Each structure stands twice: as structure tokens, then as C-alpha cells.
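Q: These two chains come separately, so use the hints to put the complex back together.
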Amino acid sequence: MPDNPEQPDDVDVLLRNYAATRRTFAANTPDLHEADVRMLAEAARRERTHRAAAPAGLLNRLRGFFAALSTPQWSALGATAVLLLFFAVWLPLREDGGGGQGKNLTSTKPPTSSSQLFAMVATTFRGESENLQDDYSKFDLDLNLNTHQITFIFTNGSQLTGTIQPDDAGKHSADAPLSFAVTASGSDTHKLPIGFTGVLSAVPDAAAPHRPKQVSLRGILTANQREIQFTAGMK
Amino acid sequence: MLHDRSRQIALLETIVGPAGKRSNAEPGLTEFLGRCRQADAEARKVVLRCHDDNSAQGEEAELLGRCRANDPAAWDDLITRIEKPLLHEIRTQHLITRYLAGDSNAGVELFRSIEAKIKGLVCFRIYNLTREDVQDLVQESAGKIFRELPTYDSRKASFDTFWRLLVTQVCYDDSEKRQAKKRRPVGGLESIDGHGDGDEPIDLPAQDPGPSDVTSQREEFRLLHRALEKLGSFDVRCRKLFELFYFEENSYAEIAGILNMNAKTVSTGLVRCREKIAECFPNEFREQARRYSESVT
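Just so you know, the protein sequences line up as chains A and B, in that order. Numbering of the first sequence is given in my numbering, commencing with residue 9 and proceeding in unit increments. Numbering of the second sequence is given in my numbering, commencing with residue 51 and proceeding in unit increments.
These are calculated hints, taken from the structure and not from any lab test.
Here are the in silico distance ranges between beta carbons for each label pair: (1) E109(B) - A84(A): 50 to 56 Å; (2) E92(B) - A84(A): 42 to 48 Å; (3) A84(A) - G67(B): 31 to 37 Å; (4) A28(A) - E109(B): 27 to 33 Å.
Fair warning: this is a prediction, and the values are worked out from it, not measured in the lab. Don't be surprised by glycine CBs; every beta carbon is placed ideally from N, CA and C.
So here's chain B without its partners, still in its complex pose (with noise of 0.2 Å):
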């Protein structure tokens, strides 16, 4: 499992040294994976030891095993494939721990690289929202982001993990307050304009929604949210996996490596998840499928 969270951990320690303990980790982590593409034996060595548990299936078992063999093509292979996420997660520290030591810049810099995902998490997650309701969402998960972020402890999870389990939080909230303003008893009278009884204006809901607002309010994905919410505590999970796979569009390894799991089990758990919603509502979902498929032919 090349995406393995505990390999990268233990890697970037060998390599750069324990998280609360470097400034900037980029140049040197550059500079190592510069000396295995170069065949530094000892660089390599380092790298297959920490790869040395035998996890590894498959195809990740046989480019360990053809890199064991010193074979350069494997090599390059096999440093594509970690540097990526080994860059990601120093730079990442690197910013938490600048904005953490008082730069507000390195803040900026680290929501921005994670707002498209956080505005893409809530649009998945409550399919009737507005697109004010979107940036108050993405708001109230940035601020609680900045609050948490001392908490985060990179050895216990990803920083994607982090904030996702933060926005999730904000999403169920919300979807909580949404559902209370819904059970809210009828035949009460309300003042518009806020000179009822001191109460704030009631924020009135635009007369035409736009015609994306139109397209993510269709009666499809209405039931596709209800079926989800039928999977009680399976929902969560299989929120996620939709999530990763379809949203975000992350490979079966990506999401293994997300969510620390093995790819296999991704796969499995992507089909479960799918029969367990088609379960719910049988008919309707072949139906909704079908008119699907008829309109874009």
C-alpha cells in the first residue's frame, strides 16, 4: 500500500525528521527522492524499508519487488508515485505550522488549497442548497477550521481527514437546523420586516431559483437523498466513499490511502453501497435510470 499513511509518516521521519520538528522539510525531501531517482543506494534502502512489511499486493508488491531488484523503470515508478503525496502532506505541515506561529498569509494560503474540495463536500452533501447558502457553508467550515487546527495531530490522521471530518460536522449542523426550522409549528405569525417582536428579517427565498438550482433540486437526486438517508449509520460511510469516488473523482488507491483502508476494500464497499441504496427504492431507481439514460441519448 504505497498510500499507506503510516509508511509516509514513518518515511518523512527518516527522511526529514518528526513533524513538530521542521521548519521547511521541502527542499530536503526533494533533494532524497533526487538521490533515489539517481540510484544513491542508500537513499533506496531507506525507502524499501520502510515499504518492508509485506502489505504490498499485487502490482504494488511486484513494483517493490522489481525495485528490489534495482530495476530503474520500477524506481521512477515507484518515486511518481510517493512524491506526490509526500510533497502534499510537508507542504501542508509547512503551512500549518507558519499559521499556527501567527502568519494569517499562510492561513490564506492553506484554505485556498483545500476550498474547491471543502465548496465541492458541502454541494454533495445537502443537494437543495442556494449558492449564498454554499458560501455561509464553506464560511462556517473555514472559521472552525482556523479554530481546530492547533488540535490536528498529523500522526494520528491526514489533514484531509481533518478538515473533512470539520465540514461534515458543519453540514450536519446545518442539516439539523434546516430540519428544526421545518418542524417549526405552523399558525404562528412572523414579522418580514423584523418589526415584529425584535426578531432579525426573515431572509425570504429568491422567487426564481436559477436554472442550476433547478437542475440540483431534480426529483432524482431528491431520492437519491432520501435513500441515503434510509442506511441510518451504513450512511456515513457510504457518504464518504461516494464522495471520493464520484465527486472528487479519486482512484480506488487514493481513497485507500484517504481513508486508510485497502483499495480492495474501497471497491467492495463502492458496490455494497450502491445495492444498498438500490434497495431501498427498487423501482423508482430503475426508473429514474432509465429516463436518465434516454436523455442523453
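The shape of chain A in the complex, shown without the other chains (with noise of 0.2 Å):
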């Protein structure tokens, strides 16, 4: 026996009384059949053999791909693989969907709405109107499509300030004209008053998608108490 300075209780009485009947119940059960144990050996072998041996199935297919990417390395070539197939769908739908506003400088495609051409950028066109007098017959003109600003500057100093709206909420073929109603107001030389309210036609180009191809202004210019017919080509 053990040496066991505890004091023997009770339980300690039993317990080794009945280690003692079982040990002698165990010591005078026979050992197995050394072919018996063999024969368990040899099985547990072949069970281990034959299940490296065999295909494996969906389920370890599927286990040793995961335990596979669990790998740094895999995980890493993972990461990059999501990451690329991400901006690979983002993008083009970004492009299409024309949600952004003032940053698609990249897209190679036309725009087709209104809304995609108030992303490009500000543009300054040099505009020559067909019917009026000298003094206004030459302008430039500052297109701010992220603003949604608009400025006449005309040859003689007179200078209008004002918004443009696309009125036109579809969408468009891609040759089609948009068309933006345009409002401005400022004044002449002399301080008096002058005003223009019309309609501003771009038609967008598939080489350049992000500088229509042609912009016409058509509209009334209320200058010198007056109403003209204004209608320019821009270059």
C-alpha cells in the first residue's frame, strides 16, 4: 500500500477494501488471445491504410481546401483574390450605375443621362452668337457641371452668373442631345441690369466622354431692356 499520512476514515477503509476485491477480480481475468490482439492491431492498420488510400470525399474535399486556405500564405493570396474581384465588379457598376458625382474622369464609356454629364468637369467654351449685335456677339463661357454654375462673359465686360438644371431626368442614347435649362443674371458696362433665360443642348461624345461633342445655347438675353433671340454654337 501507499504511504498515506492522512488518518484512515471510513471511506478510506472502503476504498481500499474494495481496490483490493477488484484487483484480485481483475488479476484472475484471463489476458486477451495474443491473436486477438493482433488481429485488432492489424485491423486498425488497414483501417488506416485503406482510408489513406481512398478517394476522399466531399467532405474531406471541402475540410482540407479550408484547412488549406487557414495557411498565412493562402489566406494572404485570399485576400488579394476578393479584393481584386471586388474592384473588378465595383467599378464597372460604379461607372454604369452614374452615381458618382465629379470623379468619373476615367470611364471610357459615354455618358447617357443628364446626371452622368454633370460629372465632368468644368469646361470653358469659347461662344459666338449668330444674331446679335457686335457687343454681344462673342462671349466666353464657364461651364461648371459640379457646381451646376454657369458664367457668360461677354467681349464688351457685360458679365451674367447663373445655374443650370438638367431638365431631362432619363436617360439617353449616346448620341443623343442632353439639355439643361440654364438661368443667369448680371449686369452690363453701365451697371444696368441684363438677364438670360434657355436652354443649353450638349451632345455627348463617345471619343471624349467627358467634353461634349457640340454645345448650343438658344434663348432670350434681356439686355438694355430688351429681349433678344440669342442662339450660339460653342467651340
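A: Now the structure itself:
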């Protein structure tokens, strides 16, 4: 018996008694036959070999796949692939959906709606009126489609500032002109008020999507207490 | 803690290399321990380095201190203490490696080295077994051990801990089956010769159990088992301690090595487990102990 410094109690006595009885019982139980043990050992070995040689089931393959993915190298590769996939899907969607404002500088697709055209950069056109007297015949037109602002600067020094708003909410075909309602007001060289109300038409350019191929203005210019039909093309 | 497993592993890896990369390391270990006995300074330094973590207490700390002072008797004592578990570890590892490489003889030898302990564990765990039941459970345990052997990692636990866990699972499953059988609804008729509903013939219990079967089912043992069952989760630890101490007659230090705990904790744990058991049926236990004492005298 092992050394037991504690005072033997009732349970201790019982446990010793029980252990002695069970030890005798165990000792009198015959050992397994050698052939049986060998058979068990070989059966387990065969099972292992069989399992290793058998083609992996779908579950095992999946398990193996995910186990492989859990290594650092594969995790890094997987993360890169997911990022690439994300950009591959997201960028075209972003361009097509037209949600962006003022950032869409790299697309090669022509804008197909006025809101897309609004995403264009600020642009300056040189305009020439066909039916105005000399002092209003030439002007520079600053279009900032990001801020919806328009500025006319006539060569005679008169200046108009206003806003443009798309008046076609729907989609357009690639070559259909986009139209904007233009309202602007300002003063001439004599500080007299002048104003403009009309329409700006822009034809998208498939080759240069962020600069319209053709822009024209039509409307009424109010100056010197007169209303003048204003038609201008832009270069 | 001379039986500390992490120390054993560290010492073995220093002396004969990691478990997976050594074939038969026994000659190497024997030669190393021989050098330690013959006062080889380098060899002794290796042993001391592996025990140099200040976790030894009491007698062990004192022994290590004497070894550091190069006391020949202390060195003899130390080597004798560490030799047996190290050799056991190496031999077991060698048998496992050989078996996994396809040598069935090694598998048989490995099983034979633990068969008596498995039988004992089964008998201690379940008290109302016949000899045939024990043999069946031992066979089932052997199959399980062989099947699970490739998953054994000597760095995580000793082989003793590994097979004990598997045998305990076998015993637990068997107990569950017995409980389920007891719960089978009464009233249904079953064929005893197998000609009824295609069932296998029922294995009827022997009419006259042998004398040792009678003693194994004595009332006090039934009481003991009922008390163990009442302990709930505490029971797992207590059973383990009782098995190792009462049944296998291991010393506190040996149990500490197997369960990877302090020898003092083992001693305290045993006392606490006995107290818990006694709390379950205080009067009954007193009565049983009195009867037992009377029968002995």
C-alpha cells in the first residue's frame, strides 16, 4: 500500500477494501489471446491504410480546402483575390450606375444621361452668337457641371452668372443631345441689369466622354430693356 | 518535480532528440545516464539545466541542491529516480513508432505492457461486471487505442494519460448502454432464441455467479458507486485519483507525474474526495466500515 499520512477514515477503509477485491477480480480475468490482439492491431492499421488510400469524399475535400486556406500564405492570396474581385465588379457598376459626382474622369464610356454629364469637369467654351449686335456677339462660357454654375463673359465686359439644371431626367442614347435649363443674371458695363433664360444643349462625345462634342445655347437675352433671341454655338 | 512531464520531454529532447526523429534511443539514454553516474560534468550539467526552474520543493529541492554540490549519493538517487520514467517513455515511443510503421508485433507488445492496467481500470470503473464483460471491454479498448494511436502526441500528454482517457470513454459508453437497457420499457416480449423478429439471441446472464462476482457486487461497493455518481463533475477527478492511488497503488509523486500536478495537490485532492464521498451517505458509510472492521478482526 502506498504511504498515506492521513488518518484512515470510513471511506478510506472501504476504498482499500474495494480496490483489493477488484484487483483480485481483474487479476483472475484472463488476458486477451495474442491472436485477438494482433488481429485488432492489424485491423486498425488496415483501416488507416484504407482511409489514406481511398479517394476523399466531398466533405473531406472541402475540409482539406478550408484547412489549406487557413495557412497564412493562402489567407493572403485569398484576401488579394477577394479585393481584386471586388474592384473588378464594383468599378464597372460605379461607372454604369452613374451615382458618382465629379469624380468620373477615367471612364471610356460616353455619358448616357444628363446626370452623368453633370459629372463632367468644369469647361470653358468660346461662344459666338449668330444674331446679336457686336457688343454681345462673342463671349466665353464657363460651365462648371459639378457646381451647376454657368458664367457668360461677353467681350464688351458684361457678365452673367447663373445656374444650369438638367431638364431631362431620363436616359439618353449615346448620341442624343442632353439639355439643361439655364437661368443667369448679371450686369452690363453701365451696371444695368441683364439676364438670360434658355436651354443649353450638349451632344455627348463617344471619343471624349467628359467633354460634349457639341454645345449650343438658345434663349432670350434681356439687355438694355430688350429681349433678344440668343442662339450660339460653342467651340 | 522530478516527475514533471515537461522536464522529462525537455531532458529527452536534449539527450536523444525530438520524439518524431529518433528510432531506438534507449542505448543513447542508457549511455548518457551512465555518464551522469560516472560524474561526467557535461552530462550532469544537462540534467541540472533541465531542472533549473526553481519549481522543485521540499525533499526534491534539497536533493537537487545536493546534486549541484556534486554529492555522489545524491546523484545516484537522482538518476535512479529519473531513469525509470525516461526509459519507460523511450520504450513506449519506440513501440508506437514501430507499430505505426507497420510492425504488428510492436502493437501487440505495446498493448501487453498496459493490458493489466486496462483490465484494472475497467474493473475499478464498473463494479458489476462478469469476467466476459471485462474481456469484451478490454478488447474494445484495445481496438480504440490502436485506431487512435496516430493522433497521439507525446508532447501534449504521456501515453498513460492517452490510453486512460480512451479506456474511460469505453467504460462510459458501456455504462450508458447498460443504463439505456435498464430504461427499456417493460411489457414487450422478446425472443430469447433469435427466432422472433430477426433479433440476435439474448445473452442470458449465468444463473449462478461465481464467488468473486458475488463479492464484487457487495452492498458497500454499490454504495460507493452510488456515492461517486452523486458527485457529478467532481466525480471525474475523484475516480481518477482513487484509481491511481487505491487500485494501482501509485505513490503521490507518481500520480503527480501522471496527472501533471503537484504531489501535495494529489494528497489534498484525495482527502477532499473522500470527504465528499462520506458526505453523501454518512450513516451508511460508518455502518459499512464498522462491519468491514469486524469481518477483518
